[in-house]
Amino acid sequence: MTGSPRTPRPRTRRAGVLRPVAGVVAGLAMVGAALTACGGGDSNEAGTKEFLIGFQGPLSGENQQLGINAYNGVLTAVDLANRTGGLPFTLRIVASDDQGVPEQGPTAAQKLIDNPDVVAVVGPVFSAPTKASEPLYSQTGLLSVSPSATAPALTDLGFTSFYRVIAPDTVQGAGAAEYLAKVVKAKRVYSLDDRSEYGTGLSGAVERGLKQAGVAYTHDGINPTKDYTSQATKIMADGADAVYYSGYYSDFALLTKALRSKGYDGAILSGDGSNDDQYIRQAGAANAEGTLITCPCSDANTDPAATGFVSEYKKVNSGLKPGTYSGEAYDATNAIISVLRKLGTGASRESVLADFGSVDFPGVTKRIRFERNGDVQGSTVYVYQVKDGQRVVLGPVSSLVKP
Amino acid sequence: MKLRRPAPRRSPAVRSHSVRARKAQSRRAQLRELRSRMARPGAARPGGVPWPVVARSPAARRLGACLFLAVIAAVVTGPSGDADRPLAGIEGSFTPARAAGFAAGGLALWALSIGADRLTTRLRSAGHGAALGGGRLAALGGGAWVTPAGAAWASFRRGRWAAFRRGRWSAPAGNLALLAVAVAVPPLLSTAAQQALVSEIGIYALLALGLNVVVGYAGLLDLGYIAFFAIGAYTTAYVTSADAMPWHAPWQVNPFFALPVALVVAAVAGVVLGGPTLRLRGDYLAIVTLGFGEIVQLLANNADGVTGGPRGVFGLPPLSVDLPGVHYSWGLRPLPYYYLLVVLIVLVMVVFGRWERSRTGRAWTAIRQDEVAAEATGVATMRMKLLAFAVGASVSGFAGVVLATKQFFNPQTFGLQSSLLVLTIVIFGGMGSRLGVVLGALVLQGTAFLLRDTVPPADRYIYFGAVVILMMIFRPQGLLPPRGPRAPASPGPAAAPERPAVPTERAGAPGPAGPAASTEAAR
Amino acid sequence: MGSAEQISQLTIDGLMVGALYAVIALGYTLVYGVLQLINFAHSEVFMLGAFGGLFASRALVPAGATPSGLTSAGLVLFGLVAGALAGAAAAYALERCAYRPLRRRGAPRLAYLISAIGASLFAFNLAGKEFGRQSIPVPDLFTNGTVVTVLGAEISTQSLVIACTALAMLLAVDHLVAGTRLGQSVRAVAQDAECAGLMGVDVQKVIVVTFVLGGLLAGAGGFLYAMTFNASYTMGFVPGIKAFTAAVLGGIGNVRGAVLGGLLLGLVESFGGYLFDASYKNVIAFTVLVLVLLVRPSGLLGTRLGRPA
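Residue numbers (numbering that gives the first Met the number 0), protein chains in the order written: chain V, 0 to 402; chain B, 0 to 522; chain D, 0 to 308.
Hints are computed from structural coordinates only; laboratory data are not their basis. Don't take each hint at face value.
[Stated by the list, open to error] Computed beta-carbon distance windows for the label pairs:
#1 D:GLY151 <-> B:THR76: 54 to 60 Å
#2 V:ASN81 <-> B:THR453: 20 to 26 Å
#3 B:ALA87 <-> V:GLY238: 44 to 50 Å
A quick note: this is a predicted structure, and the numbers were derived from the prediction, not measured. For each residue, glycine too, the CB sits at the ideal point set by N, CA and C.
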């Protein structure tokens, strides 16, 4: 390692404060001791049995808002179950932050796997960390239910403990394309994505659907930026009469703003990543008016069946309204809780995983039943529209396209 | 502000080296004057009303700093606000109980720091018979080493330490002990910690070792270093798997063969980038490398048909040994990757250690200290800089192989933030010191890992940022800076600046940042 | 593709964004000129300025109101001043906490860069904690609409306000640096800090003034930016990098160079995104940067603040 010195080296006091070797050893020992200390499980059983539900998602970094939305959904479900569920055990959440990036995925997943009291995981929230973490979950046999990872390929990669309560992009893309072709009656669609895995997956699916329906389209991708001014000019010049943006709401809001300020009068659409009231707020109600959002989910905020969820969510999360993926995370957690309820205090990772495939219960975003590969059954794509500053459900695509 | 005429806008573009050297000589006196004035801003305005002496005293100043720290700590640990109630978080941070608690904490910190200073001063001066008052004064000023007591203490430590270091076996023994710790401790840790040791610490240590060649040895500021890491990872995908990426080699090889391939490809990429851009100096080079990093990331993300774009690269075969009779796969467990990384890191450190002391290493040092002078004395600066780029890049090729065989990656992994993180590790650990940068990776990334469980995750990087700032304030030369200038062993303010300021064309005339650096940072 | 109308529209788009880049780039350039230091945390000064202006204008404009005429002008001015003050305060705090202690201890130059990176992480995450992680729109300060049509390009009130304000600030700074006593001392320190100190210039004060000046500009620029692009805790990073690029493109340390670089970068992005796939916008911008630097290794205008390149 460090070369042996040939001459005595002059050292100032400053450099001598930390003697290299001793310092390194001490540092190693400290970090090591701390790391070991963190590895221990945390079963503080006071009479009743306690199960931990893991959560893996971005809780820091650029994408943390989506992770926080989902986390709050999990929190709501667990809180509700502990208070009113009449469970023979108590539930607790242990969160593990993956920042929504793949390189943090394995460590985040491993933290949950290392904790023997974790019987199931809600997450990962994003597709890329899912690919990075899922091999570990599958190897351990720890159930993970993603509320929001929509990349179509995820269920074909051979993961044995992966389920998701959200339909893959292909489902939504096909529905969105059908709606564009038959209801919007677009002659030419400008399909723009944010160059993320989610965005390119969705735009690809939309474009395949448009191709089948015989609608012309222009594909373009733009990395999330704040400045969509020149992009709007480009769209205006393209002459498309509908824009479909595959990406998240904060960018869709800015795109909408830019398009409106250029006087664009075609249809403006986006997907489930934009299905959030924040979109209307950030774009401005006047700009957002009339824009359309497709989502393979019924909306928790407006669905009468879900009013209980919304009021609970607000209560648990100090007045916040559910955001993108909150409802899905709530459903995923409740699916896990339903299995735990059935298994009782004897539940283990193996039994939870074994029984999860047969879950069937009405969630707030959709009925939760799974295909063999872990995809959620059913493919109803709903269309929302902003009317008078509110998101309103127009209905499922299948009924909207019928005259 | 007494200048009457604007300063001349243009002066001769190139000063000869000797002129520069003379100027540096004559400047030392000026520097001392400047520093003393900067330390006593009150004295610099003869016309103004001087601040009360008490408020300017070091103790009062330190009290202010401690209370300020307490306020910051209160806000950071306090509740969160949101856009509709932007002040809610701050109000919540200063409930009477909290305010009192943090004020007490600040005062305690102050008392502690003053007390510790006095104690050390007393111990030192008691042990060496130096003037107590002088020592105490110096400690209060935070500059103990310029006083007799401090000097005595420093020389004592130097002597004892040097005696220890002179022992023939001490250095190898120390290194072996470190290696033993590095080998023996990880199996005792949790698997999550092992994961972090591989993908957050080990890989970044390797990257930092590579960047250390570019920044620490040759003094070139590279802000796009992570691009070579990306190139290494994608090269691995190209040669080892037929279906992970749309674009792949006509035949697939065992991942171990990806190591030399990635090394060569990354090194070539280093030369390709360096060729046209190394003519640029200082911060112009920094921005061009930053641009290069961005371009590589964007190309990886946009070229769906080649790299798979944002879908990333999934399903590369793990490292494995398939010899007749020996079959071993690295699989998914982190520990085997950790030991592989230990081997690679030790290998790289040993090789670079030889290199550092070779003609090449001395050439890099010369370039870092003064490129014009180096060129004048016959160093092939361009070739040496290219070599530094290529060598640095090749190491990150290794890191790319480990990453790619261990886990899924996508272009997000190779963002500017990662480049900045590697650079932070290098400076944090001690630029130019191999053991230092590895230690930097361990401490900095280990801190990030520990913060996972100790603070709310959303606030993790507030603490991380604070750690980085505090470290730079209290130990700007890094955890374990390289030992002093190699040739002349003349310490003190008169020594030539070992590393005044990375790449600047004005090596002889650093800005206000520089003058102090040249005196205090001299080792 | 590319009728005269579109070309002029793209030009206007590019110049508008470019003007904002230029305003931020000035902060980089001034600090660089004086300290030879890439102030990586400048982007957070920009972000905090945006929040300052945002909260000030939200305090004055009731929800749903659509001010017009002189009221609008007053509101914009108020927001700008609030943003500038917030930016200046942030820049001062930055200098005080993350740079001055290092200067006092004589840290090597790269330590400043790392300290700046740490400060940036600290500041934007703290802003996320205090102000929430959603982006927040600035209230509409005037009724939106097209006011001028140039060669078929429509210019909205918003763009006009931004362009005029940015221009005014750029001219003011240019005058300040080139033609006032304060600017003289800034240039003197930039040229040779020690000599300037010996000549009686208060170097410490000049450094503070430079930071505060950069902070004023970035803060006001942040508010202008947020008027169109909303404010959020992560808003600083990308424009910060762009502005840094612009500053280098024009010749870092050179006030007019920063302006030129900013406008040019805006144009390159605007046309690059139009002519090619928009996801290559940054590739094109950085390629242009590399090409320019290969031809002119010290940026377009080359000279530094009061010093030959």
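| field | Violated constraints from the hint list, given by number and in increasing order | value | none
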